[in-house]
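Just so you know, the sequences run in chain order D and W. So for the first sequence, my numbering puts the first residue at 1; every next one is plus one. So for the second sequence, my numbering puts the first residue at 1; every next one is plus one.
What the hints contain is simulated information worked out from the structure, not anything from laboratory work. Virtual Cβ for every residue (Gly too), placed ideally from N, Cα, C. Check the hints yourself; a few may be wrong.
[Stated by the list, open to error] Only part of the chain W face toward chain D is listed, based on derived beta-carbon distances under 8 Å:
1) Lys32
2) Asn33
3) Lys38
4) Arg39
5) Ala41
6) Phe59
7) Ala84
8) Gly91
9) Trp92
Given next are the chains, with one letter for each unit.
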Amino acid sequence: MDLQDFGITVAIVVGGFALWILATALFIWGERRMVAKMQTRIGPNRIGPLGILQTVADGAKLFFKEDILPKGVDKVTYFVAPIASATVAMLTFAVIPFGGSFTVGDREYTLQIWDPEIGLLWVLAMSSIGVYGIVLAGWSSGSKYPLLGGVRSTAQMISYELAMGLGLVSVFIWVGSLQASEIVAAQSGTFFGSIPAWNVFPQLFAFILFFGAAIAEAQRPPFDLPEAEGELVAGFITEYSGAKFAMFFLGEFMQVVTMSAVTVTLFFGGPSGPLFGLEGTLAGALLGTFYFAVKTFVFMFVFVWLRGTLPRLRYDRLMDLGWKVFLPLGLLWVMATAAVVLIQDTLEQAQVLTGAGIILAALVLILIVGAFIDRSRGEAEPAEDEGEEAEDEPLALPSSAETAREGASRHGGARQVRVPK
Amino acid sequence: MLAEYLPLLLLFIIAFGFVAVSLAASSFLGPKNPNPTKRAAYESGIIPGDETDPRLGRFSVKFYLVAMLFIIFDIEAIFLHPWATVLRDLGWFAFWSMAIFVALLFESYYYILRRGGLEWE
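Make a model of the complete structure from these sequences and hints.
And the structure:
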């Protein structure tokens, strides 16, 4: 590694960091504007054109606010938690390619901070460490609401981490690598000459699984239980103020940007797109950044859209969705993907079309079986619960409230997330 | 060899520096006027009493169960990741090995489900 390598590496790292900070600031402003439009309000429009500098103003304001140290805090952990939370959020995007590659002299560089072989496993690892920030913040605040919020957050995040991992594994099997650059390269061709060969088409269920889990990991509506302000004030951030609050806030919103970017990398071809003969030049690489940004903005908009549309899930429904729907269906999908990949490998090139037919058949079969299992369980379980209750306490009749609850859970089983009419 | 980790180290320095500078700036720039009311834990307007430390407070044992179940299923995820990368090389042998493992896992999953381990009440 000589001076040229070092200089370009530093430039890419600083550029990537700046890009992410900028995207996060824009997202906070954009979300406020878009949610305001959805709720027929105006939203921030005073500072800068269209209020675009509102985030900067808010951030600067928070530096001049008093950093209150509440009475019951555990000082060291109270201080470490926001640092851990924000730092980890800023490290997560290291493995994501945010632009094309270009050549300087005879060496090739890619607009990506770090491209290890473990690849997107890094994202999983970082979101696991992110849990530490939350649980430490909740515990160290020395207050009741943060403790409950922190514990709830932790349970939610570890539950959905499983679903997220299964979504990732399906893509890893399909591509045959964990490395971000290879996942992007595998999506560079086309299906039938016109449709881009994005993973989202063969891995549609993995995409749904991953994106659903990503929303829960980022703790965004409709899965924003940790911040259910009607029940928990502000969850684990209740006792934080000033710049420490700003760090949690920044980390949380950066997570939305990162999760959108990971979704784009895994399922929508990352920074690939038509380059108009600019391959290998810096302009071509930056054009890749443009495509990447556009695709990422689409998913950031979906995050805002969901927030503006869906009501918050009840906590037991949230855990049910993660453990009873995402986890078993995800495991089945992983095995189905593995079978299809191996069938494709063992068959002749001409028989791949048959393989595609089998994918479709397996998909339909899994969906039918899954729906059937869910329905039969939803009907069978309440009946058996009543039987057990009757055995334990022969004199106790199920109260009307319990019957109503069982009715609710019977309807809840398969369709957890519903758009209100 | 270690040069491969240089960009990550740089990113860590920038990220940590950003956070550290922010927190330090805030402690210089912000006012410092603590008083007992301001420093009290927030409890929606109720004055917190002298009860035991909330950090030792009680919360549902269900959360421990979730943590333990998570460890079981996360170990399964740890098996899946290396398996996913070498599946094409090992072929059907690897597939059936994992199929047996997943079937056993589903058995225990079904057991947890029927014992009500995943119910929230």
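Verification of the supplied hints:
Because the beta carbon of W/Lys32 sits about 7 Å from the nearest beta carbon in chain D, less than 8 Å, this interface hint is met. The beta carbon of W/Asn33 comes within 7 Å of a beta carbon in chain D, closer than 8 Å, and the hint placing it at the interface holds. Checking W/Lys38 against chain D: minimum C-beta separation of about 6 Å stays under 8 Å; hint holds. Below 8 Å, beta-carbon pairs count as interface contacts, and W/Arg39 has one with chain D at about 5 Å; its hint therefore holds.
Below 8 Å, beta-carbon pairs count as interface contacts, and W/Ala41 has one with chain D at about 4 Å; its hint therefore holds. A distance limit of 8 Å between C-beta atoms decides the matter here; for W/Phe59 the minimum to chain D is near 5 Å, and the interface restraint holds. About 4 Å separates the beta-carbon of W/Ala84 from the nearest beta-carbon of chain D, less than 8 Å, and the hint is met. The restraint placing W/Gly91 at the interface with chain D holds, with a minimum CB-CB distance near 6 Å, inside the 8 Å limit.
Checking W/Trp92 against chain D: minimum C-beta separation of about 6 Å stays under 8 Å; hint holds.
Consistency note: the structure conflicts with none of the earlier hints.
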